[in-house]
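Chemist: Spelled out from the first residue to the last, the chains are:
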Amino acid sequence: MAAVTQDTAVSTGRFTRALIYLTLLLFALFYLLPLYVMGVNSLKPLSEITGGNMMALPSQWTLDPWRSAWSTAQIGVEPTGLKPYFLNSILMVVPAVAISTIVGALNGYVLTKWRFRGDTWVFGLMLFSCFIPFQIVLIPMAVVLGKLGLAGTVTGLILVHVVYGIGFTTLYFRNYYASFPTELVRAAMIDGAGFFRIFWRILLPVSGPIAVVSVIWQFTNIWNDFLFGVSFGGTSQPMTVALNNLVQSSTGVKEYNVHFAGAILAALPTLFVYIGRYFVRGLMAGSVKG
Amino acid sequence: MRLFGTTMTAAAVLVMTTSITFAEDVEVLHWWTSGGEAAALNVLKDNLGKAGTGWVDMPVAGGGGEAAMTALRARVTAGDPPTAVQMLGFDIQDWAAEGALADLTATATAEGWDKVVPAALQKFSTYDSKWVAAPVNVHSTNWVWINKAALDATGLAAPTTWDELVAVLDKMKEAGITPLAHGGQPWQEATVFDGIVLGMGGDLYQKAFIDLDPAALGGAEMATAFDHLIKLRSYVDDNFSGRDWNLASAMVINGEAGMQMMGDWAKGEFLKAGKVPGTDFVCIRFPGTQGSVTFNSDQFAMFNQTNAAKQEAQVAMAKAIMDPVFQSAFNVVKGSVPARTDVSNEAFDDCGKKGMADLAEANTAGTLFGSMAHGHAAPAAVKNATYDVITAAFNGEYADGAAAAAALAEAVAAAQ
Amino acid sequence: MGFLDIRNVTKSYGPVEVLHRIDIAVEEGEFLVLVGPSGCGKSTLLNMIAGLEGISGGEIAIKGRVVNGVHPSKRNIAMVFQSYALYPNMTVGQNMTFGLEMHGVPKPDRDRALADVAKLLQIETLLDRKPGQLSGGQRQRVAMGRALVRNPDVFLFDEPLSNLDAKLRVDMRTEIKKLHQKLKTTIVYVTHDQIEALTLSTRIAVMNKGHVQQLGTPKEIYDTPANLFVATFMGSPAMNIVPATVEMQNGQPHAAIADADGSIRHLRFSQANLAEWAGKSIHLGIRPEAITDPEGADRKSGNIQPFTNRVTVTEPAGSDTFVTMTLSGKDAIARMRADAAVVPGQHFDFAINMEKAVAFDPATEERITP
Amino acid sequence: MANEVDFRTRLQDWLPKLVLAPSFAVTLLFVYGFILFTIVLSFTGSKMLPKFTWVGFENYHKLFALPAWHTAIVNIAIFATLYIVICTLIGLMLAIFLDQKIRGEGVLRPIYLYPMALSFIVTGTAWKWFLDPGIGLERIMHQWGWESFSFTWIKDGEMALYTIVIAAVWQTSGFVMAMFLAGLRGIDNEILKAAQIDGASNWQLYRRIVIPLLRPAFLSAFVILSHLAIKSYDLVIALTGGGPGRATEMPATFMYSYTFTRNQMGIGASSAVIMLMTIAAIMVPYLYAELKEKK
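Residue numbers (the working numbering), protein chains in the order written: chain A, 1 to 290; chain B, 291 to 706; chain C, 707 to 1076; chain D, 1077 to 1371.
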């Protein structure tokens, strides 16, 4: 594992450095711009948006759009705001992320430390599932969920997300465990630890960095998913569907400030996990090297 | 495996706490999520609630119900359809053809729906002479909304023919405003085109859009219609692409633009802005379509239910929808007109009264046509094929109207 | 029957057989070293004893019990790995007692065992540290400690010293030897380092290409290598192998070899059985220390032959000086005392201890001298 | 021969496979089973719901006769090329710059990375606003006094595709940066020092030493970006809805609309099969090389 703080040996001149800083700052602005636009306009009354400059700071600051988006905006037939859907999302995301990460960890463990004939094929086949366009699975998935009696339930939604998430989590854990010394597993075997005990006591305690990557990746993907949520969510639709209902309402006045506030609200949890320092650190820990 | 234990428990708890629909509830899939629409729908919900029928809401907004239809397909394929689904035109027929819809004939006969629902609507509400859906409203789509001040400035009267329309638009252009407020989305262009074709005569509309006659679709009249559409493009500002229809309405409201060609739902925007019909804006039929109406109708299609209690709730809901009091209350809020012709027009404003009268008149005259743009003339595949050509024509991708007409005939043939 | 019996053991991966009919019986208290170049199958064999790899044919028995198919933890063995394989998330103490814990040994007993071993290895002060905080030598000790705590029937060592620097390696070698002498445990030790093999073992199995080339005490292996492979693999510098012809002179077999100038010289063999090879080509094997200056020759030897030859290179190495010369067109090395007056390019009178010389059949590469 | 094989050992032999089995079974069913289903569907006359009336290659003939499908293919080719190249260039540049012992790296890194955390509705809505001439950038410039400024790409059938490139690059280039940064930090410093002693300039150092060493990162980036490009559905829908007209139609949006809104499931399925074949053509050689290497 490379230390994150490792210095480069490259030295640069003053002028070059100034140029580098300038470029980096310009790009920071580029990345921040849409967020700024959303943030600023979510704090304005509607009239200031339709009549004023999008980039301008609010002349009259207001938190009303946020309050409205959270608890009073019209999502369905009731003006509930995004609040109840937020809970739906949490109830779906947490188990889905936990299960897919644990399954991915176990798969990665088997594929690297308990190798068998054809294991690369098994892995290759599982990995390809990461690249399947989700639109094509909707109909057959609906049939399967119906047969399982899970149509329109949170459990069904969790199942869907786990199924299409384990490709990625297995990839992450497999690449991570590949660099984990196999001798340790052998030592533990001689010490008398069994399959699960070795996983639990030897591998899991050192899996922190990759578990973070896997959790963040899964969390982001599942949280942001719209297609599965709208198709299989039934009456416990996730946040994205609610946001879509808020933003896409077919007729009536478009309350853009509320839309922006809602969009930021819907993105907050993922922003929170991304901006934490662990993700990059985990990426550095070798997840993308393979 | 302690962690395993907890997640499994969590999963088990989730299974049990997942909102369970009680037998006497109706689960309603719809895309009416904006303030006015939801308020209108709430009337229905409350009426049902008073009768002891619960309401499980499943709103999926976006694109005139496209996302909702995707969700519906997943639900039906899974064998777990919602009780009632907001649906437009041919979608109802398509679902009925799949055998997915419930039979409401007994209720309909008892309540006498045949007599009060216009025949053109019944074409969609019934399949194989069985009632499968309850119509909520009728939107007529061939309206033009004109800013009164801008019209007065031209010194001309509200246009009643294509030539008058062009004259008014030219004057408005001279006056330095955008003559035509338009949003560049396929369905909006198709809405305008509906008006143009109907303006060329009900016969053409019937032959081309309802009978899908290749000769009419690719013929000279259709070529002229496309020429008119291309002509209208020259009255639209350059920033039209992707614009939502209500932003276009706003342009007319604040005088930035002269007029908008849009269905009756646009009225809500004018009213909400505090504008008065007749004083601040005028509503006219698309020039040349006086006496004819293209419509779309929101209906609630009832899906097959196996549970007897659910079937009961479904019938209760169908009855509640068809209740004249509800039809009046709902349509006053929504801006459309009732699907029943026997509802009192007392609660409606001038435009609403005119709409109801036009509908009744067109119904008796046989000039009530399903709107192609809104999926009431031909099935979805054909509708979208026409969208492709109309949008392309509007965006100047064909050399002339004749080329566009030929492309239309070809596209429609391919989609059938 | 030995304490650890390896009987007719083979190992195949699919159609490829990588170990061929290995037969070794290890007595209790023996220190067996498996030595050979990388890829010779020594680690595979060790892993099979440990139960980490399956046995394709034959059987392995520990204390008379056949352990084929028995889980590693049920074989009552302990293993020290090349990388030490210390669990990075546990302290030294936890590392060492993990195996006992897995076997359900109560905590007080574990602690007692840990204390004993820690004292023996002088790592008492390290018990609360994590492996990451230890030096290489300390880790090595902990790894051994982890094996010792178990008090197993057989200790398995898989190249335990190869990750240490040269000095530490020598120290730890001595340490292991001391431990073995003290504890009298049965050890199977894998290494590719022939010096480790010679110094540590009571017996050595030299392996190559999946075969045991020779099994014997260090002295047997060194003095009477079974074939050319063992001869050249064991010992440093390697045994000189020189093409020669057997010629009979005075009824005695002699080796005829060419010196640096191309003249044929005769060296008398001590082994009479070489008479059968008269007139045939052989490979003559002479250890560097058997070629000396006359004063340095082994006085106990009954067959010192003088031999004058031109010196190519001299390499003083402190205690000894290595001298390179040409014999029958091949480089040969002599080990001289440090003060021997050898000058490169000049002729020097060597003394060859022919009692230590061995001869190999060039065709089979097997030793032909007894 | 007394072959004593105890139960525990046998269990240990089977346990790993047992643990892996559910995932594998699920993958076989939910991925390969569904792919098979789609392939079958593409040969049927399915309209609204799956119907198993065999029509042979008719759907494929229809598909390739549709101008919109050709537009979609041309669009994805242009989009994927630009998107992958620009993302890689920006990602690489930012990573190299950030690797110069930059003060504030800890602040910049999450700023570059955060767009990846946002969902398509958020990204699409924000960019749609920002690029809209009537309310976004153009109007801002006009209000700031630059009256002649014009930026109407999103409204222009010829240029709208490039606005999708902009938004897509915005969303993922930071992620690519993180991948390259991870690669850079993994390079042995001694190699760089050796190269400098050999007299390499900074430019040469990166061009000749560092960038070749980043090959695995390039490969990972390429694979991730190409699969994002092919699956690019959400962003197109949110940003342009496939418009103006159908100028920004992509295979993914095409497939979705034919399957779900146009009731021509057979044609939708055949376009899905073409997409899958494309993905497989890119992924299978990569997976093969990648997995073979590690054996």
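In short, the hints are calculated from the structure, not lab data.
Given the structure is predicted, the values throughout are model-derived calculations rather than measurements.
Note that CB positions come from ideal geometry on N, CA and C, so glycine has one too.
Some hints could be false.
What the hints assert, rightly or not - Here are the simulated SDA-like cross-link-like pairs (lysine to any residue), alpha carbons at most 25 Å apart as the crow flies:
1) C:K813 - C:N857
2) D:K1204 - B:T444
3) D:K1123 - A:V143
4) B:K463 - B:G492
5) D:K1269 - A:L19
6) D:K1093 - A:G194
7) A:K147 - D:L1087
Said to hold, decoys possible - Just a sample of chain A residues kept apart from chain C, beta carbon distances all over 12 Å, derived:
8) Y21
9) T23
10) S47
11) S68
12) A98
13) P133
14) N175
15) I190
16) V206
Unchecked claim - Restraint-style ranges between C-beta atoms, simulated for each label pair:
17) D:P1292 - C:K873: 31 to 39 Å
18) A:R67 - B:E388: 40 to 48 Å
19) D:Y1362 - C:L874: 51 to 59 Å
20) D:Y1362 - C:K813: 46 to 54 Å
21) A:K83 - D:S1277: 37 to 45 Å
22) D:A1101 - A:A178: 21 to 29 Å
23) D:P1292 - A:F272: 25 to 33 Å
24) D:P1098 - B:G342: 41 to 49 Å
25) C:A731 - D:A1365: 26 to 34 Å
26) D:P1098 - C:G760: 21 to 29 Å
27) B:T596 - D:G1109: 21 to 29 Å
Chemist: None of the hints should be skipped; say for each whether it holds.
Modeler: Against the structure, the hints come out as follows:
A distance of roughly 16 Å separates the Cα atoms of C:K813 and C:N857; the hinted pair therefore holds under the 25 Å criterion. Using a Cα cut-off of 25 Å, the hinted pair D:K1204 and B:T444 is violated, with the two alpha carbons roughly 35 Å apart. Under the criterion of a C-alpha separation no larger than 25 Å, the hint pairing D:K1123 with A:V143 is consistent with the structure, at around 17 Å. Only pairs whose Cα atoms come within 25 Å are accepted, and B:K463 paired with B:G492 is rejected, the gap being roughly 30 Å.
Among the hinted pairs, D:K1269 with A:L19 is consistent with the structure: their alpha-carbon atoms are about 24 Å apart, no more than 25 Å. Restraint check for D:K1093 and A:G194: the C-alpha separation of about 14 Å stays at or below 25 Å, so the hint holds. The hinted pair formed by A:K147 and D:L1087 fails the criterion: a straight-line CA distance of about 33 Å is larger than 25 Å. No beta-carbon of chain C comes within 12 Å of the beta-carbon of A:Y21; the shortest separation is about 37 Å.
With a closest Cβ-Cβ approach of about 39 Å to chain C, A:T23 is found to remain outside the 12 Å limit, as its non-interface label requires. The Cβ of A:S47 lies farther than 12 Å from every Cβ of chain C, with a closest approach of about 60 Å, so its non-interface assignment holds. At roughly 49 Å, the least C-beta separation between A:S68 and chain C is larger than 12 Å, which holds for a residue marked as non-interface. Separation of A:A98 from chain C is adequate, the least Cβ-Cβ distance of about 21 Å exceeding the 12 Å criterion.
Listed as outside the interface, A:P133 is consistent with that label: its C-beta sits roughly 39 Å from the nearest C-beta of chain C, beyond the 12 Å cut-off. Taking the minimum C-beta to C-beta distance to chain C, about 18 Å, the non-interface status of A:N175 holds against the 12 Å cut. Not every C-beta of chain C lies more than 12 Å from that of A:I190, the closest at about 5 Å, which undercuts listing it as non-interface. Interface exclusion of A:V206 from chain C breaks down, the closest Cβ pair being 6 Å apart, not more than 12 Å.
Look at D:P1292 against C:K873: about 38 Å separates their beta carbons, and that is inside 31 to 39 Å. In this structure the hint that A:R67 and B:E388 lie 40 to 48 Å apart at CB holds, the actual value being about 44 Å. For the pair D:Y1362 and C:L874, the beta carbons lie near 45 Å from each other, so the given range of 51 to 59 Å is not met. Distance hint for D:Y1362 and C:K813: a CB-CB separation of about 52 Å, consistent with the stated range 46 to 54 Å.
At about 58 Å, the beta-carbon gap between A:K83 and D:S1277 misses the expected band of 37 to 45 Å. Between D:A1101 and A:A178 the beta carbons are some 24 Å apart, a value that agrees with the proposed interval 21 to 29 Å. As the Cβ distance of D:P1292 to A:F272 is approximately 30 Å, the hint placing it in 25 to 33 Å holds. In this structure the hint that D:P1098 and B:G342 lie 41 to 49 Å apart at CB holds, the actual value being about 45 Å.
Hint check: C:A731 to D:A1365, Cβ distance near 48 Å, so the stated range 26 to 34 Å is violated. Between D:P1098 and C:G760 the Cβ separation comes to about 26 Å, which falls inside the hinted range of 21 to 29 Å. Checking the proposed 21 to 29 Å range against B:T596 and D:G1109 shows it holds: the Cβ atoms sit about 28 Å from each other.
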